[in-house]
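Participant: Numbering (this note's numbering), first residue to last: 1 to 240.
Incorrect hints may have been included.
As the list claims (entries may be wrong) - Okay, the calculated beta carbon distance ranges per label pair:
| # | residue 1 | residue 2 | range |
| --- | --- | --- | --- |
| 1 | Q152 | E178 | 49 to 55 angstroms |
| 2 | E111 | G19 | 35 to 41 angstroms |
| 3 | K109 | E199 | 46 to 52 angstroms |
| 4 | E178 | Q144 | 21 to 27 angstroms |
| 5 | E29 | E178 | 16 to 22 angstroms |
| 6 | K38 | M149 | 26 to 32 angstroms |
| 7 | F193 | S80 | 33 to 39 angstroms |
| 8 | S51 | R79 | 49 to 55 angstroms |
| 9 | Y119 | K177 | 51 to 57 angstroms |
| 10 | T134 | V166 | 23 to 29 angstroms |
| 11 | L22 | G140 | 14 to 20 angstroms |
Treat the hints as calculated values from the structure; they're not laboratory data.
On a predicted model such as this, the values are computed, not experimentally measured, just so you know.
Using N, Cα and C, we set each Cβ at its ideal position, and we do this for glycine too.
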Amino acid sequence: MPKSKRDKKVSLTKTAKKGLELKQNLIEELRKCVDTYKYLFIFSVANMRNSKLKDIRNAWKHSRMFFGKNKVMMVALGRSPSDEYKDNLHQVSKKLRGEVGLLFTDRTKEEVNEWFTKYTEMDYARAGNKATFTVNLDPGPLEQFPHSMEPQLRQLGLPTALKRGVVTLLSDYEVCKEGDLLTPEQARILKLFGYEMAEFKVTIKYMWDAHSGRFHQMGDDLPESASESAEESEDDDDDS
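Could you build all of it, start to finish, from the sequences and the hints given here?
Facilitator: See the structure below:
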């Protein structure tokens with residue numbers, strides 16, 4: 001009788017070893033970047049989208065970006081003056097909380113600040129996001145949807161029916177009010193009707209100068225209370 005694939009044993013030691021190697025490689029990459037580039041910037045991300053971050057990485061191929069694995073980055077840079085890789089890098093580690101990342105570059109702070117200040121992309125809001133404006137739907141035919149979509153729309157709470165094979169909204173419907181915390185159903189309806197409310201934005205917060213070792217704030221300070229769990233919650237999208 002052939003062995004079931006389910007019976008295949010996975011060596012936890014091997015898995016742990018691979019994870020350790022990946023972390024060690026990341027530490028080495030980070031320290032190499034510290035030695036290579038003139039400046040290190042800490043950035044925060046609002047309404048994180050991997051596809052949007054990838055676009056930025058493509059635009060900044062001359063530099064290196066790291067996002068995720070905050071605790072490993074802290075080990076690489078050093079958590080205190082006694083174990084920091086270079087002067088004042090422990091100040092960088094202190095700010096690695098929540099959805100933040102590192103940008104290593106030779107571009108000046110003026111160039112970096114100008115580019116990221118201008119860069120913003122809209123996307124569909126997700127459940128838990130705040131509605132940025134009120135959305136009301138008027139009754140009438142919804143010809144953008146095939147008839148097969150009608151049950152799904154009704155399941156989302158919309159007062160719909162098929163009239164002569166056309167999906168039709170039977171009465172006024174308020175999807176959301178400005179300031180509402182969106183439910184999964186509201187977020188889905190907004191996406192189906194093409195309403196984008198989430199602004200993907202990268203904000204430069206701090207800068208470290210490799211030559212002088214100086215660390216200083218550029219934007220509003222990051223909240224000290226950012227949750228520890230968020231540090232490892234990002235996708236393993238560590239560097240460009």
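Participant: Hint by hint, note whether the structure agrees.
Facilitator: Status of each hint after checking the structure:
1. Q152 with E178: 49 to 55 angstroms: violated, 26 angstroms
2. E111 with G19: 35 to 41 angstroms: Between E111 and G19, where Cβ atoms are some 37 angstroms apart, the hint holds.
3. K109 with E199: 46 to 52 angstroms: violated, 23 angstroms
4. E178 with Q144: 21 to 27 angstroms: holds, 24 angstroms
5. E29 with E178: 16 to 22 angstroms: Since the Cβ atoms of E29 and E178 sit about 44 angstroms apart, the hinted range of 16 to 22 angstroms is violated.
6. K38 with M149: 26 to 32 angstroms: Taking Cβ atoms as reference, K38 and M149 lie about 54 angstroms apart, which means the hint is violated.
7. F193 with S80: 33 to 39 angstroms: Check failed, 52 angstroms falls outside 33 to 39 angstroms.
8. S51 with R79: 49 to 55 angstroms: Between S51 and R79, where Cβ atoms are some 32 angstroms apart, the hint is violated.
9. Y119 with K177: 51 to 57 angstroms: Hint violated: Cβ distance 30 angstroms, outside 51 to 57 angstroms.
10. T134 with V166: 23 to 29 angstroms: holds, 27 angstroms
11. L22 with G140: 14 to 20 angstroms: violated, 55 angstroms
Comparing the model with each earlier hint shows violations of hints 1, 3, 5, 6, 7, 8, 9 and 11; every other hint is respected.
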